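Produce the complete structure using the sequences and hints provided.
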Amino acid sequence: MPELPEVEFASRVLRKAVVGRTVRRVRALHRSQRRGLPPRHLARLRGATIIGVERRGKHQLLALSTGDTLVVHFRMTGDWLVDTTAASLEPYARVVIDLDDDTRVSLVDPRALSTVTLSPSGSSSLPPLGPDAADPDVDAGVFIGALSRRRVSIKVALLDQRVLAGVGNIYAAEALWVARIDPRAPANSITRARAVRLLAAIREVLDRAQRSSGRYRDTGEGRFQVYDREGEPCSRCGTAIARIPQAGRSTYFCPHCQRR
DNA sequence: CGTATCCTGACC
DNA sequence: GGTCAGGATACG
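Once you know that position 75 of the first sequence is 75 in my numbering, the rest is easy, because the numbers rise by one and skip nothing.
These are calculated hints, taken from the structure and not from any lab test. Note that this is a predicted model, so its numbers are computed, not measured. The beta carbon of each residue, even a glycine, is placed where N, CA and C say it ideally should be. The reader is advised that the hints may include incorrect statements.
[Stated by the list, open to error] Label-pair restraints from in silico Cβ distances:
| # | residue 1 | residue 2 | range |
| --- | --- | --- | --- |
| 1 | VAL196 | GLU90 | 42 to 50 Å |
| 2 | THR22 | ARG211 | 28 to 36 Å |
| 3 | ARG236 | ARG35 | 40 to 48 Å |
| 4 | LEU113 | ALA86 | 28 to 36 Å |
| 5 | ARG15 | PRO136 | 19 to 27 Å |
| 6 | PRO186 | GLY141 | 17 to 25 Å |
| 7 | GLY248 | GLY52 | 29 to 37 Å |
| 8 | SER250 | LYS16 | 29 to 37 Å |
| 9 | THR22 | ARG260 | 52 to 60 Å |
| 10 | SER65 | ALA200 | 37 to 45 Å |
| 11 | GLY231 | ARG40 | 49 to 57 Å |
| 12 | ILE51 | GLU90 | 23 to 31 Å |
| 13 | PRO186 | PRO127 | 20 to 28 Å |
In structure tokens:
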């Protein structure tokens with residue numbers, strides 16, 4: 001699941017490939033992508049020059065010379081593939097953009113849950129997002145305030161993009177482990193001191209992921225401490241990592257050293 | 001607040 | 001051949 005570091009990595013790859021280029025041809029190859037990108041929007045896209053690529057939370061924003069913005073979200077399994085217009089289409093290519101220098105960028109997404117939408121000039125169609133989790137200047141007071149207004153568990157609150165934009169299931173669990181906080185603790189019960197520690201832990205896990213090229217590691221030292229490690233020993237205390245469902249998704253944590 | 005929905009590969 | 005996963009949204 002691409003979270004902030006993976007989306008940041010992908011948007012850098014994309015930026016290098018597309019900024020300054022003009023869209024020659026664009027196709028939506030899957031029903032679910034055609035819903036978000038109907039023919040009239042594909043037509044608007046054609047001939048536009050891409051002037052910049054920005055990231056906000058897990059969204060990628062492609063600024064176009066027309067004033068429109070192409071908004072991309074990878075959801076579960078999306079990623080960019082950059083090749084040339086001469087290449088054969090990838091099996092899971094959902095949106096394919098051919099550029100004037102024969103570069104082709106394809107949104108590859110086996111599950112087809114990615115969203116690509118054209119936001120007309122002036123009307124930003126982003127959902128409400130909190131401060132970007134990668135921003136080192138996030139105000140601890142704002143973060144504490146957001147938590148204090150939520151009665152859901154701290155883990156569920158961290159997944160709410162209005163609290164911090166860019167945190168997902170993996171890094172929420174990892175950050176709670178680093179901060180030694182029980183994921184079941186009510187968000188509004190988190191003390192100021194622990195919230196400050198949690199914010200630092202979020203930055204730490206995101207920075208570390210970013211430094212490993214925005215790619216997940218599945219072996220060796222860089223492996224996750226709790227995510228997808230049910231039954232394995234906690235590296236701090238040896239207790240078996242537990243898995244519980246929260247808001248319909250899996251939370252992994254150490255039931256011994258993560259406290260309420 | 002919980003639950004269904006979108007999708008399809010992976011797994012039983 | 002059925003179930004599950006999961007980010008975000010919609011709905012009860």
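Hints versus structure:
1. VAL196 <-> GLU90: 42 to 50 Å: The hint (42 to 50 Å, Cβ to Cβ) holds, given that VAL196 and GLU90 are roughly 44 Å apart.
2. THR22 <-> ARG211: 28 to 36 Å: holds (34 Å)
3. ARG236 <-> ARG35: 40 to 48 Å: holds (46 Å)
4. LEU113 <-> ALA86: 28 to 36 Å: Hint holds: Cβ distance 29 Å, inside 28 to 36 Å.
5. ARG15 <-> PRO136: 19 to 27 Å: Because 21 Å falls inside the window, the suggested range holds.
6. PRO186 <-> GLY141: 17 to 25 Å: Holds, at about 19 Å.
7. GLY248 <-> GLY52: 29 to 37 Å: This hint holds: roughly 36 Å between Cβ atoms.
8. SER250 <-> LYS16: 29 to 37 Å: Distance hint for SER250, LYS16 holds at roughly 35 Å.
9. THR22 <-> ARG260: 52 to 60 Å: 56 Å Cβ-Cβ, so the 52 to 60 Å window holds.
10. SER65 <-> ALA200: 37 to 45 Å: Distance hint for SER65, ALA200 holds at roughly 41 Å.
11. GLY231 <-> ARG40: 49 to 57 Å: holds (52 Å)
12. ILE51 <-> GLU90: 23 to 31 Å: holds (26 Å)
13. PRO186 <-> PRO127: 20 to 28 Å: Given a distance of about 24 Å, which is inside 20 to 28 Å, the answer is holds.
The structure is consistent with each of the numbered hints, conforming to all of them.
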